[in-house]
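Asks: What follows is the residue order along each chain.
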Amino acid sequence: MEFLSFLDFSFFLLAGFGALVGIIFGAIPGMTATMAVAVCLPLTYALGLHHGLALLLGLYVGGISGGMVPAVLLNIPGTPSSITTTFDGYPMAQKGEGERALRVSVIASVIGGLISAVVLFLFAPLLADFSIKFSYVEKFLIILLALSVIASLSSNMLVGIFSGVIGIWLSLIGTYSISDGGNGHTRLMFDFMEPYLFEGFSLLPVLIGIFGISTILLEAEKGVRSELASERVKLGKSSQFSFSIFKGRLTNLVRSSFIGTFVGMLPGVGGSAASVLAYTQEKNLSRDSSEMGKGAPQGLMASESANNALTGGALIPLLSLGIPGDSTTAVLIGAFTLQGIQVGPLFIPENTDTWYIMMTALVFANFVMFFVMFYAIKHIAKVVMVPKYILYPLIVMMCVVGGYAINYGIMFDVWTLLIFGLLGYLVQKVGLEVAPLIIGFILGGQAEVYFVKSLESFGTYSIFFTKSPIAVVLWLLIAASVIFSVVMGLKNRKASREEASQ
Amino acid sequence: MESGLTSLLSVSIDFETSHLLFPRIVHWVMGILFAIILVTKTIPFLAAVKRGERTIPIVGESMDGFRFFGTLALIVAYFYLMAVVGNLFPYTGYGFLFVSMVFVFLMSLMYMHEWTKKGVIIVLVNAIVAPSLVWFILAKLFKITLP
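Going down the list, the sequences are from chains A and B.
The opening position of the first sequence corresponds to residue 6 in my numbering, with each subsequent residue numbered one higher.
The opening position of the second sequence corresponds to residue 76 in my numbering, with each subsequent residue numbered one higher.
The shape of chain A in the complex, shown without the other chains (with noise of 0.2 Å):
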């Protein structure tokens, strides 16, 4: 009980202003939990590792609930992950139950996370511990499981595993770093290049970059209109809801939660999977479905559930493993690195203290988002109102705030931001995706140190099959992934030639 003593009055401060951000951060469509963690990862820069991680995980649970609020109002997912909150949350709301359909939402959500966050706090050390003896080979072949669940999992796998690859490549610009034993040498680039890329592109630059000025860019190009000129936000009446709207809902509640803490421990998978995935299974197994997209209570508790208790799983793999389960958790990994931290099997076990502070942030955050937004949703609707014109600048002076003091001051990390927000903006534009690059970036330093390292133990390639039946059982599961993508890419395709030819 050690830890105890790091939790003092600030701390808690923290995790809740962060849960707060977050929510506003959330609560304005086009800005994502991701965005909210990665503009705001300067105010950690000054803070310890403890604090800081108390005001980034306030973010992120804030950030991934905030984004109920517009799906609810105004037909809008705040965050990706919401979409399914506005079939019947829309619906709520016009008919004048806009404040009963966000309570019921929030709860649904507190739910969500903190069965989530009680499988992470329980399952994340067994899986660590069982990750401790794995050798480089076995090292690599997580790292190959992950970028092949990314993709199987991703709208189209070729084009998933395609993004993650160059991820991967835009990892090794830079030197084969000496201190993972490399040779020092430089690579993919030209000469002129080397003093700005000696070490290759910093993390958090890149991660802001792409989720910070790519989304302007993206907004830019659109003209930045304002969706709600039109439109009015319908609260309705408050006396309207009680809590035996829960009534039976228990068994929807707790499968939702399961299914999204799943969901989220799957590398790369978005929120927007979980939430659908338990919706659609609401609608599949519940006896009174036949309501559901026209305005029903459960509809909302299956998709908030869901899409919250993606923080917890989504932080498994991240702290078990050293693998992001989502773009929001890959900018944690930044934070940590910020701080001198490695995660992977070795994180909790030696920091045990900072794994307990998390918990505890994780949760007290959860609790703060359930009683700003529970009794001050009629505040937090009208943030949705505040003009583009005026946030976006904030963002980018916010974004070249993070990008410049990361290394203390190198300009050459405000200009990587401008890059990859171009990066970004081209790779979404062209169909690739985001998040299976992003996670092969983070990834694609450790594959090259460990296949590298692997052959130079062993000196052939045939030990990766035969290292160890962990070894086995990994490219079992690697070819199960891909197995899944392509039988389901071929129903798809029979689906949509069925749906063609009627």
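Keep in mind the hints are simulated off the structure, nothing from the lab.
Model, not experiment: these values are computed from the prediction.
It is possible that part of the hints are untrue.
To be verified - Lysine-lysine pairs mimicking DSSO-like chemistry, simulated, CA-CA at most 30 Å apart:
hint	chain 1	residue 1	chain 2	residue 2
1	B	Lys-116	A	Lys-496
2	B	Lys-192	A	Lys-227
3	A	Lys-100	A	Lys-252
As the list claims (entries may be wrong) - Which bits of chain A does chain B cover? Going by a derived footprint, with three or more residues having C-beta under 8 Å, they are:
hint	segment
4	163 to 171
5	256 to 269
6	352 to 359
7	388 to 398
8	433 to 442
9	479 to 487
Glycine included, C-beta positions come from ideal geometry on N, C-alpha and C.
On the provided structure of chain A, position chain B as indicated by the hints.
Replies: For chain B alone, coordinates are given in the frame of chain A:
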């Protein structure tokens, strides 16, 4: 047969060129994937473009060129001038502070669709207050390096 397979799979890595091994493999994978995507996705897509069913991204789509390229130009000028002004006042963060004010003001004006007196005043106040606040909190209180 087995010895043939073993020799095929065996590999010895020269330390001097070990930095090129993995990139070479990645290039091959990238090239193969790109070729497959070209055949299965891009060619059908281009055919659809020819038939007029789809449009080429970026080039063929309608876009707000003024705001998009304006944003790019403003960001480039912002990043560039920040360093220039910052070098005039080293270690103060003034480069960030002053250039940010101008940048935030201009970008807000560019994004605002209807200029009203009230709107412009709000933008102006925001452009002065927000960078000052960020500068004060980060550079003065937290002692974070700014340009």
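Asks: Check, residue by residue, whether the segment 479 to 487 of chain A contains three or more positions whose beta-carbon lies closer than 8 Å to a beta-carbon of chain B, and give the verdict.
Replies: As far as the segment 479 to 487 of chain A goes, the hint is violated, because 0 residues have Cβ atoms under 8 Å from chain B.
Asks: Keeping to a limit of 30 Å between CA atoms, is the pair of B:Lys-116 and A:Lys-496 held or broken?
Replies: holds (18 Å)
Asks: Measure nothing beyond the straight line between the CA atoms of B:Lys-192 and A:Lys-227; if it is 30 Å or shorter, mark the hint as holding.
Replies: holds (25 Å)
Asks: So is the segment 163 to 171 of chain A in contact with chain B by the C-beta rule, three or more residues under 8 Å, or is the coverage claim wrong?
Replies: Since three or more residues must qualify, the claim that chain B covers the segment 163 to 171 of chain A holds, with 6 doing so at under 8 Å.
Asks: Okay, the segment 433 to 442 of chain A and chain B, do three or more residues pass the C-beta test at under 8 Å?
Replies: holds (count 3)
Asks: Tell me whether the statement that chain B covers the segment 352 to 359 of chain A is true, taking a Cβ distance below 8 Å and needing three residues at minimum.
Replies: violated (count 0)
Asks: Please check whether the segment 388 to 398 of chain A has three or more residues whose CB lies within less than 8 Å of a CB on chain B.
Replies: Holds, because 6 residues of the segment 388 to 398 of chain A bring their Cβ atoms closer than 8 Å to Cβ atoms of chain B.
Asks: For the pair supplied as a hint, A:Lys-100 and A:Lys-252, is the alpha-carbon distance within the 30 Å limit?
Replies: holds (22 Å)
Asks: Quick check: the segment 256 to 269 of chain A, covered by chain B? Criterion 3+ residues, Cβ under 8 Å.
Replies: violated (count 0)
Checked against the numbered hints above, the structure breaks hints 5, 6 and 9 and satisfies the rest.
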